[in-house]
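> For the record, the sequence lines run as chains A and B. Going by this note's numbering, the first sequence runs without a break in its numbering and finishes at 280. Going by this note's numbering, the second sequence runs without a break in its numbering and finishes at 546.
Bear in mind the hints are in silico, worked out from the structure with no lab data behind them. We put the CB at the ideal spot given by N, CA and C, even for glycine. Be aware that one or more of the hints could be misleading.
[To be verified] To give a feel for the contact side, a few chain A residues facing chain B, derived at Cβ under 8 Å:
#	residue
1	93
2	95
3	172
4	173
5	183
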Amino acid sequence: MTNEGRRQKVGFGVLLLATFIVVIPVTAIVLLIVAKGWGALSWSFLFTMPREGMRAGGILPAIVGTVYLVFASIAFALPIGVMAAIYLSEYAKDNALTRTINLAIINLAGVSSVVFGLFGLSLFVIFLKFGVSIISGSLTLGIMTLPVIITTTREALRAVPRSYREVSFSLGASRWQTVRHAVLPHALSGILTGAILSIGRVAGETAPILFTVAAFYLPNLPTGLSDQAMALPYHLYIITTQIPGIPENYRYGTAFVLIGFVLIMNITATVIRSKARRKR
Amino acid sequence: MSRPENGLVCPPASTAGEVKMTVRGLTVSYGKTPALKSLNVDLRTHEILSIIGPSNSGKTSFLRSLNRMNDLDPHARTAGEVRLDGVDIVRDLSAEELRKRVGMIFAMPVPLPLSIRDNITYGPRMAGVRDAATLDAVVEECLRAAYVWDEVKDRLKTSAQKLSGGQQQRLCIARTLALKPDVILYDEPCSGLDPISTAKVEESMVELRKKHTLVLVTNNTKQAARVGTRTAFFLMGEMVEIGPTDRMFTAPQDQRTEDYIVGRFG
């Protein structure tokens, strides 16, 4: 074999190995959680309140709380993020202000989540007097996920060929008409991808909800946005570290529900996305 | 050096109409390099003005300043004056109003990812036309005028992007016609087309001349000779010569025009 051929083989092998290394932890995590948590899953685990100091019963309030948080924060962040991305990609001129805004977005993405939690505590909980509530937590999570939504939406808008815009303008359409009819419909699937990514992040984050919404234990389900709520990641943290004597499969069952929830949301959004793509 | 039009270059009476657009001292530059230097020309109704010249001669810059597509390029700077029916197209018209009256066909056909019908009705819909019967009439009329109706009439609801390249370009012409423009600008419309589609496009142009003013930028001097009533030769941002097409191709007055036409450069 030639030297060049051998080098090819080695290079190929290294790349393949790297790919396997990526797959191993994902598979291991899923297998571990499924193996250890499957046994806990039951109707009563999913749909009843915790009992006996959370050592028995179900995790319904944590599931409900996470659903609340996901939908409320996406309802806040998706429109704002998409509108900001449309402004930045379709309207804004390349000047100092735009560059500053871009820099701010990048930095927002880099802020650690516990800092978002602290920020949410001081702004929403204390200053705006929303208290420790779903609304405070959702706004905090929403702000945290804005950069994800903005960045993916901008990429999606950028992927729409420039020629579509040119054609639309050449047919006498205004800038907004061009955005609305020639650009947005074709960026929709990309925008949905951003929403999917943020759902996963919102559902899984613990730190931002720690001070803003999460409750250790609540005897009742939340009834509105001004209530406190339990949430899956925080619940998982509590039963793992704060309460001795919890059966192991309760912990893994909770983790299983958490990743299962994110997975279901992702699959739903992916189906919607591929339908939107097929429609054109 | 550009020269203003003189009376000698008037095409045969049967082809010339009244002045539709006047261009005076038009200069276009991108950054520091001027692409078009102080151009003067008049466009008349019922004419097809072919513009020939090597690349970077300012042909497309000229075309794109007639419907202000240059506005979309943040680096483009335009000076001078263009009037449509005597009205200044920058000061007295919005870009949207102007583009409805001065349509454009691009080199690469770009059907929007919509049905054939929705492509044709895009312009009218953006202008606020909602009535389905009106739109249907527009669709048929424009597709016929663009010589593509027979090929697509049974599948108006299918995606326009499924059409062949030649059909797509004729669809784009029909889409522009739906605006009922006074002037139609063609930017090398046949550069990617097969000979049969090219022939159909040219046929439709000759027909459209009856109602519209046409400007055709082309790299194909033979095409300019076939369809142009007048021909202009651009070189390095200047209009070297303009005149009736038969005269330009038989007795060009400028040596550079002759060199280009016979293929000595460019």
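> Take the hints in turn and mark each one as holding or not.
Verification of the supplied hints:
no.: 1; hint: 93; verdict: 7 Å, holds
no.: 2; hint: 95; verdict: 10 Å, violated
no.: 3; hint: 172; verdict: 4 Å, holds
no.: 4; hint: 173; verdict: 4 Å, holds
no.: 5; hint: 183; verdict: 10 Å, violated
The earlier numbered hints that this structure contradicts are 2 and 5.
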